[in-house]
Amino acid sequence: MIIRFRSKDGMFRVSDIDAFSEDLKSIVETKLLNKLPLGVSVNSIFLSDKANEKGKPLDEFVGKDCNSLGLKNGDMLFLSYEEEKESVDSTASVSASVSAPEAAVAAAAAAAVLPPLEKKQLPIDDELDKEEGLIKRPRSNFCKHTDKGMCELCVPLPPWDKNYQQEHNIKHISYHAYLNELNDNSNKKNSSSSYISPLEEPNFKIDKNCKGGHAPWPNGICSKCQPSAITLAQQPFRMVDHVEFGNSEIINNFINSWRKSGKQRIGLLLGKYDKYDKVPLGIKAHVETIYEFPQLDETDGIIIQDFKLNLEINKIINFLKLKPIGLIFTDLTDSGLNNGSVLCKRHKDSFFLSSLEVIFAAKQQLSHPNYSKWSDSGIFSSKFITCCITGNLKGEIDIFSYQVSNSAEKLVDADIISGSTHPNEVFISETNKDRYVPEIFYMMVNEYGITVKKNAKPSFPVEYLIVTLTHGFPQLKDDEKNLFLKNSFPIENRNYIGESQDLLAISKSLGIEKNNYNLDLQKLKFGIFDFHLICYLISELDLLNENEKNLILKTVRDNSDTDFYQLLESPGFQTLITIIRESI
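In this text, residue positions in the sequence shown follow the working numbering: the first is 8, and each later residue adds one.
In short, the hints are calculated from the structure, not lab data.
Mixed in with the good hints there might be a few duds.
[Stated by the list, open to error] With a cut-off of at most 25 angstroms between alpha-carbon atoms, the simulated DSS-like pairs for lysine-lysine come out as follows:
1) LYS279 / LYS126
2) LYS79 / LYS231
3) LYS328 / LYS143
4) LYS515 / LYS267
5) LYS328 / LYS267
6) LYS267 / LYS127
7) LYS440 / LYS370
8) LYS38 / LYS279
9) LYS137 / LYS355
10) LYS330 / LYS561
11) LYS355 / LYS515
12) LYS231 / LYS212
13) LYS42 / LYS267
14) LYS61 / LYS42
15) LYS267 / LYS330
16) LYS279 / LYS561
17) LYS461 / LYS417
18) LYS61 / LYS169
19) LYS440 / LYS460
20) LYS231 / LYS38
21) LYS38 / LYS267
22) LYS218 / LYS355
23) LYS279 / LYS315
24) LYS464 / LYS515
[Stated by the list, open to error] Ranges between beta-carbon positions, derived for each pair:
25) GLY46 / ASN80: 30 to 36 angstroms
26) GLN482 / GLU319: 30 to 36 angstroms
27) SER384 / GLN482: 52 to 58 angstroms
28) CYS150 / LYS370: 50 to 56 angstroms
Ideal placement from N, C-alpha and C gives every residue a C-beta, glycine not left out.
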C-alpha cells in the first residue's frame, strides 16, 4: 500500500508498505527518513492524522501497523519535526538572500528531493529539461486578432497534443515530450506542497524477499509479492527519435565486409546524443564510427567471440568524448540478378526484428541504462539503439533503426519471454521455481475496428515490443566537421577477408614513403583522424608511451596543431616513422 506524509517541506509518498507486518515507526525510519531534509532527528518527529495538530511522537507507534491504525491505501498523515541548529542556520542564510517567492520555489525543490543518481543524466537531458518544446502554429483565417495577438486557434500546442499526433500520423512522441506530459499531469507548477516522480520503472519480477508472513516463492505467494497482470500496447514515446550517421563511408565500409565475403557482420556504434530539431524536444544518436568485435561470421548469422571492449579501446572512446550508443548488424542476401540488388526479407508480412533479436536488443538496453533525475530509481529505460542493414521493398540495401520498449526490457529482465520458431512471435515462458509469469494481455484492433484486449499466451506479435526510429545523414555546415575525417585504414578483426592492420597500411594512411624523408605534414595529420588507425597505434603497437598516445588523442579531439607538432617531435613517433620506412 501507499501512505502519503505531508510536512512543512512538502509531501512525500512511501510505497511498498505491508499493512500487516510493518509498524509505522519502522516505515518512517527505513523508507521516509532519507527523503527528509538533512539534520532531521528521529526523536523530533511527530505524526498526526489531522492538519495543524502536532500529534504523537514517533515512539508511540512502535508495534502498530497500518491495518491496526485503520490506515488505507493512499491515506495522508501529517508530519512535524525539528532540524538540527546547523541545518536551520544554513537554510536561513540562504533564504535571506532571496525573495519570498524564490524561497518558496527553493523549498519546493528541496521537498521534491529528486533521488540521488548513481550517475548523472546526460547533458542533452539537462538541456532539454529547460525547454518547453511548444509546437508553433501560424495565424489561421479564423483568427480575429492583430499580428501580435494570439487566440486558441493559433496558440502554440504542447508537444504531446493528441490531435496534433493524429493529424500528422505521429506514432511516438519524444522522451522529453512524454516526460513533460507526465510532469504536467502529476505535479502542479510553482507548487511547494507536493512532488511525485513522473517516471516509474515497471517491475515484472516476483519478490522472493516478501515480508508477508509466508514462505518465499515457490513455496508461498501473496498479492504483494506477485507482479500484477501485464497489458501490452504500442509504447507512445521513444527514447531516441533519429539516428544520424556521420557520413556514408561509415556504412559503406561496414557493408564491404559482406560484399567481399557474403557473410553477416555486427558492430558497435560509437558516437553521442544531441538535439534533434525536427521533433519537439527530440534526441538524435549521432554515429561517428563503428567498432567491429572479434566474431565468427556466417551467411545466416554471427557468433560474437568477445563482446567486451579492452581497456585501451575504452580509454580511446572516453578520451574522445564518445560512448557506445547502439549496435548495427547486417542481414543481406544477394538476389542473384547480378545487378547489385538484395532480397527483401523483412517487411510487414514477415517481421522487422525477430523475437531473438528483440531479446538481444533488450539485454543490451538493460546493460546501457538511461539515468534520469525524474525517476524514483534514478534509471528509466535506455537510449541504446539497434540498427539492421537489410534489403528494402525495392531490393536496395537500406538501414532500419529500432529500439525495444521499456516493457520489453522488463519482460526480458524477469525472464518471462523467449525466442520462438516463428520470428514474428514472442513466446511466453512457463512459471517455474525461479520465475512467476503473470497474466499477459495485449491490445489489438479487431476486424470491426474496435480495440479489444487479447490474452497473449502462449505467444504474441513481436511488434508490441518494437519502437521504430528514423535515420539519415547530416547536412553539415561549413564550420561543422565529423570527428573522424578519414576512413581508409583497414578495420579491426577482418583478417579473414584479407584486410590486415600492419605497418604497410599505416604508411599508406599517413603518406610515409621508403626513400622520401620530406613528409607531407597535411596528409600525415589528416591520416591520423581515423578511428581504426588510432586504435591500432594505441592498443596494438607497443612503440608509443602514454604521453605520445595522449598527443594523438588530443590532436583528433581538439583538432590541435600544437599537439600534432609535439607528436611529430616525440621520440616514440619518430621511431615509428623510421621503422615504417625500413619495413616497406
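To see whether the hints hold, each was checked on the structure:
1. Under the criterion of a C-alpha separation no larger than 25 angstroms, the hint pairing LYS279 with LYS126 is consistent with the structure, at around 17 angstroms.
2. Between LYS79 and LYS231 the CA atoms are separated by roughly 15 angstroms; this keeps the pair inside 25 angstroms, and the hint holds.
3. For the hint pairing LYS328 with LYS143, the CA-to-CA distance comes to about 34 angstroms; that exceeds 25 angstroms, so the pair is violated.
4. Distance restraint check for LYS515 and LYS267: the Cα-Cα separation of roughly 21 angstroms lies within the 25 angstroms cut-off, and the hinted pair is therefore satisfied.
5. Taken as a hint, the LYS328 and LYS267 pair is broken in the structure, with Cα atoms around 33 angstroms apart against an allowance of 25 angstroms.
6. Annotation: proposed proximity of LYS267 to LYS127 is violated, straight-line Cα distance about 43 angstroms (limit 25 angstroms).
7. The suggested pairing of LYS440 with LYS370 holds, with an alpha-carbon distance near 22 angstroms, which does not exceed 25 angstroms.
8. For the proposed pair LYS38 and LYS279, the alpha carbon gap of about 37 angstroms is over 25 angstroms, so the pair is violated.
9. Between LYS137 and LYS355 the CA atoms are separated by roughly 39 angstroms; this puts the pair beyond 25 angstroms, and the hint is violated.
10. Annotation: proposed proximity of LYS330 to LYS561 holds, straight-line Cα distance about 17 angstroms (limit 25 angstroms).
11. Between the alpha carbons of LYS355 and LYS515 the distance comes to roughly 46 angstroms, so the proposed pair goes past 25 angstroms and is violated.
12. Taken as a hint, the LYS231 and LYS212 pair is honoured in the structure, with Cα atoms around 12 angstroms apart against an allowance of 25 angstroms.
13. A threshold of 25 angstroms between alpha carbons decides the hint, and for LYS42 with LYS267 the separation of about 60 angstroms lies outside it, so the pair is violated.
14. The suggested pairing of LYS61 with LYS42 holds, with an alpha-carbon distance near 20 angstroms, which does not exceed 25 angstroms.
15. A distance of roughly 29 angstroms separates the Cα atoms of LYS267 and LYS330; the hinted pair therefore is violated under the 25 angstroms criterion.
16. For the proposed pair LYS279 and LYS561, the alpha carbon gap of about 18 angstroms is at most 25 angstroms, so the pair holds.
17. With a C-alpha separation of about 20 angstroms, the suggested pair LYS461 and LYS417 falls inside the 25 angstroms cut-off, and the hint holds.
18. A threshold of 25 angstroms between alpha carbons decides the hint, and for LYS61 with LYS169 the separation of about 46 angstroms lies outside it, so the pair is violated.
19. In summary, the hint linking LYS440 to LYS460 is not supported, as the alpha carbons are separated by about 29 angstroms, beyond the 25 angstroms threshold.
20. For the given pair, LYS231 sits about 17 angstroms from LYS38 by alpha-carbon distance, which is consistent with the 25 angstroms threshold.
21. For a cut-off of 25 angstroms, the pair hint linking LYS38 to LYS267 is broken: about 60 angstroms separates their Cα positions.
22. Taking the CA atoms of LYS218 and LYS355, the gap is near 47 angstroms; set against the 25 angstroms cutoff, the hint is violated.
23. Restraint check for LYS279 and LYS315: satisfied, since their Cα atoms lie roughly 19 angstroms apart, inside the 25 angstroms limit.
24. About 59 angstroms separates the Cα atoms of LYS464 and LYS515, which puts this hinted pair outside 25 angstroms; it is violated.
25. Between GLY46 and ASN80 the C-beta distance comes to about 31 angstroms, which sits within the given range of 30 to 36 angstroms.
26. Checked against the hint of 30 to 36 angstroms, the C-beta distance between GLN482 and GLU319 comes to roughly 34 angstroms, which is consistent with it.
27. Between SER384 and GLN482 the beta carbons are some 39 angstroms apart, a value that contradicts the proposed interval 52 to 58 angstroms.
28. Checked against the given bound of 50 to 56 angstroms, the beta carbons of CYS150 and LYS370, roughly 52 angstroms apart, stay inside it.
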